[in-house]
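K.L.:
Starting from the known structure of chain F, fit chains S and H onto it as the hints suggest.
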Amino acid sequence: MQHYNVKIDAFEGPLDLLLHLINRLEIDIYDIPVAEITEQYLIFIHTMKELELDIASEYLVMAATLLAIKSKMLLPKHEEEAFDEDMTLEMEEDPRDELVERLVEYRKFKEAAEDLKELEHERSLMYTKPPSDLTEITKETKSEKANLEVSLYDMLGALQKLMRRKKLQKPLSTRITRQEIPIEMRINEIMKELKGFKGKKSFNDLFSVSNREHVVVTFLAILELIKRRDIHVTQEMNFSEIFVEATEGI
Amino acid sequence: MNIVNWYGIVESLLFAAGDEGLSLKQIASVLEVEEMQAKEMMDGLIVSLQEDKKRGMTVLEIGGTYQLATKKENAVYLKKLVESPSTSTLSQAALETLAVIAYKQPITRVEIEEIRGVKTERPLQTLSAKALIKEVGRAEGNGRAYLYGTTKEFLDTFGLKNIAELPKLPEQSEEDDITQNEADLFFEKFQESLES
Amino acid sequence: MNIVNWYGIVESLLFAAGDEGLSLKQIASVLEVEEMQAKEMMDGLIVSLQEDKKRGMTVLEIGGTYQLATKKENAVYLKKLVESPSTSTLSQAALETLAVIAYKQPITRVEIEEIRGVKTERPLQTLSAKALIKEVGRAEGNGRAYLYGTTKEFLDTFGLKNIAELPKLPEQSEEDDITQNEADLFFEKFQESLES
Chain F
1 MQHYNVKIDA FEGPLDLLLH LINRLEIDIY DIPVAEITEQ YLIFIHTMKE
51 LELDIASEYL VMAATLLAIK SKMLLPKHEE EAFDEDMTLE MEEDPRDELV
101 ERLVEYRKFK EAAEDLKELE HERSLMYTKP PSDLTEITKE TKSEKANLEV
151 SLYDMLGALQ KLMRRKKLQK PLSTRITRQE IPIEMRINEI MKELKGFKGK
201 KSFNDLFSVS NREHVVVTFL AILELIKRRD IHVTQEMNFS EIFVEATEGI
Chain S
1 MNIVNWYGIV ESLLFAAGDE GLSLKQIASV LEVEEMQAKE MMDGLIVSLQ
51 EDKKRGMTVL EIGGTYQLAT KKENAVYLKK LVESPSTSTL SQAALETLAV
101 IAYKQPITRV EIEEIRGVKT ERPLQTLSAK ALIKEVGRAE GNGRAYLYGT
151 TKEFLDTFGL KNIAELPKLP EQSEEDDITQ NEADLFFEKF QESLES
Chain H
1 MNIVNWYGIV ESLLFAAGDE GLSLKQIASV LEVEEMQAKE MMDGLIVSLQ
51 EDKKRGMTVL EIGGTYQLAT KKENAVYLKK LVESPSTSTL SQAALETLAV
101 IAYKQPITRV EIEEIRGVKT ERPLQTLSAK ALIKEVGRAE GNGRAYLYGT
151 TKEFLDTFGL KNIAELPKLP EQSEEDDITQ NEADLFFEKF QESLES
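Those protein sequence lines, which keep their order, are chains F, S and H. Numbering of the first sequence is given in UniProt numbering, commencing with residue 1 and proceeding in unit increments. Numbering of the second sequence is given in UniProt numbering, commencing with residue 1 and proceeding in unit increments. Numbering of the third sequence is given in UniProt numbering, commencing with residue 1 and proceeding in unit increments.
No lab work stands behind these hints: they were computed from the structure. Hints may be right or wrong, so weigh each one.
Unchecked claim - Below, computed lysine to any residue pairings styled on SDA-like, alpha-carbon distance capped at 25 Å:
id	chain 1	residue 1	chain 2	residue 2
1	F	Lys72	F	Asp133
2	F	Lys108	H	Ser91
3	H	Lys119	F	Ser57
4	F	Lys49	F	Glu39
5	S	Lys54	S	Asp19
6	F	Lys108	H	Tyr103
7	S	Lys39	S	Ser29
8	S	Lys168	H	Lys168
9	H	Lys168	F	Leu103
10	H	Lys104	H	Gly149
11	S	Lys104	S	Lys134
12	H	Lys119	F	Arg102
13	S	Lys79	F	Leu103
Unchecked claim - Covered by chain S, according to a simulated footprint, are these stretches of chain H (three or more residues, beta-carbon under 8 Å):
id	region
14	19-29
15	73-79
What the hints assert, rightly or not - Ranges between beta-carbon positions, derived for each pair:
id	chain 1	residue 1	chain 2	residue 2	range
16	F	Ala68	H	Gln125	29 to 37 Å
17	H	Gln37	S	Asp43	46 to 54 Å
18	H	Glu165	S	Ile46	57 to 65 Å
For every residue, glycine included, the Cβ atom is placed at its ideal position computed from N, Cα and C.
Here chain F stands alone, though its shape is the one from the complex:
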């Protein structure tokens, strides 16, 4: 039973997908069994199609690349190589080399991105303040036009700082903030809805309001209810409709 939505773009691209397959199949990245990985890759693409997901062209290009490598691996050695046996070792290029190189290179940056995430988190634990208003202790500004050494990035950078600050100060400020829907309230609503309804209710019907926050809160409420075992969720088969009913009624 799957009672959650799955992020459709869990992969950042074909290289990311390949890394995942390699990792999952516990394959040595420097000695990839091309036939196996190609098969898995194609199955994945096929599944995406079945799910009617848009497949970015990059994925298809990679599929073609894999098939090309696979066929090269099957081909007998080139004739030229027989001519000059001394050269053989040098000439004999593994058709997988280029792909491996790309994967290893990509993996480095994927990991570096994780490091950045960690750094960003660390930095976010330290709060800085905006510059103080020093109006009172300074003289009037003289009128001076232009020759400014500022760029658009300086301005956007300033805006970033402002937004970061706003985010931090939200609860402190007296400004009216967005009305939030308490999960507990939505839980009660859902239970009422289910109890007032004999039998199973379609999962999708619970998401009648298309407001983003409402959707998320509803989703969380359902998760909570599942955890509390107040509701029962069923699905006949994968990708078929999901039904929800109150446990009491069963």
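P.N.:
For chains S and H alone, coordinates are given in the frame of chain F:
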């Protein structure tokens, strides 16, 4: 937790709270002590800051809230800093104000201050003096406040053909892809709920 | 003037400058000392702040400027009063793109796309709008594509003194299980669909 650590925590809190300051009640609630105790600690902090020559800060008690401020006697150095000629660029405050005007024009001073959360008189003066912004009209309603907008000088300075050429703000461009956002949000919340 | 007073003055200056920060040159000029001396004093200040439990502040050195910030270890208390921005605001795509640019700058979009294996237009837009990257020039050759590099805002966002302080690029390391979680979920779903 002992009082030594309290000092550090309260300093962090006051710094982050900025001009809005913190009430005794807020301080007491974070430290999980009685307000009486918090009051004693604040009094101690104020005295120790005042006496410590190594410190440039003081705590002001204004209308029932505490806020950090620089010591009066250091104002002369702040003045020196502000008047140092190294500023061929715009201050953070001016840049922020300019950004708000650029993206939200026409906009009144009060609206800008609402967004920035601080007084904006001086940055507006600076920007006007540098001809980057100008008054473009008056707001409706009583008060009829001035509305500010950017100038041609602004476009020149930032190398823009027109205002539409300003880069999209992250929020705006993300809205292009609402369904993606929803999926992300879903997933994020879902992950969180698994971890909790 | 002795160094004890310097500390107080510099603290005032740093407080007033806020996230705009102060350069060594500015500090030296206000104190009327050599930059070398100012540097020594700043080093001393940073150490003494870090060691003093009574203090809740620290000094960050970012892209050649110093700025005051609250200590990391107090974040837990700040959270009680102010919302923490600790959830990453950048998508995986944006983070990856940023990582490539940070380590390979200056670099063109096409080169980034070669490494990532996917289109990278959108992440570049987001990163530009967040002022984390900027165009730093044009590549040679026909097309004369834009070259991208990181900004000071980048250093600030990730708390780096300078680009050289970036963690070493991993040459080879074990797969990170956590990052694979999302992918695993998808994979399970697709495996199941195969079995059915």
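K.L.:
All hints, please: hold or fail.
P.N.:
Status of each hint after checking the structure:
no.	hint	in the structure
1	F:Lys72 - F:Asp133	violated, 69 Å
2	F:Lys108 - H:Ser91	holds, 18 Å
3	H:Lys119 - F:Ser57	holds, 10 Å
4	F:Lys49 - F:Glu39	holds, 15 Å
5	S:Lys54 - S:Asp19	holds, 23 Å
6	F:Lys108 - H:Tyr103	holds, 10 Å
7	S:Lys39 - S:Ser29	holds, 12 Å
8	S:Lys168 - H:Lys168	violated, 33 Å
9	H:Lys168 - F:Leu103	holds, 19 Å
10	H:Lys104 - H:Gly149	holds, 8 Å
11	S:Lys104 - S:Lys134	holds, 14 Å
12	H:Lys119 - F:Arg102	holds, 16 Å
13	S:Lys79 - F:Leu103	violated, 56 Å
14	19-29	holds (count 6)
15	73-79	holds (count 3)
16	F:Ala68 - H:Gln125: 29 to 37 Å	holds, 33 Å
17	H:Gln37 - S:Asp43: 46 to 54 Å	violated, 37 Å
18	H:Glu165 - S:Ile46: 57 to 65 Å	violated, 38 Å
In this structure, the hints that do not hold are numbers 1, 8, 13, 17, 18, in rising order.
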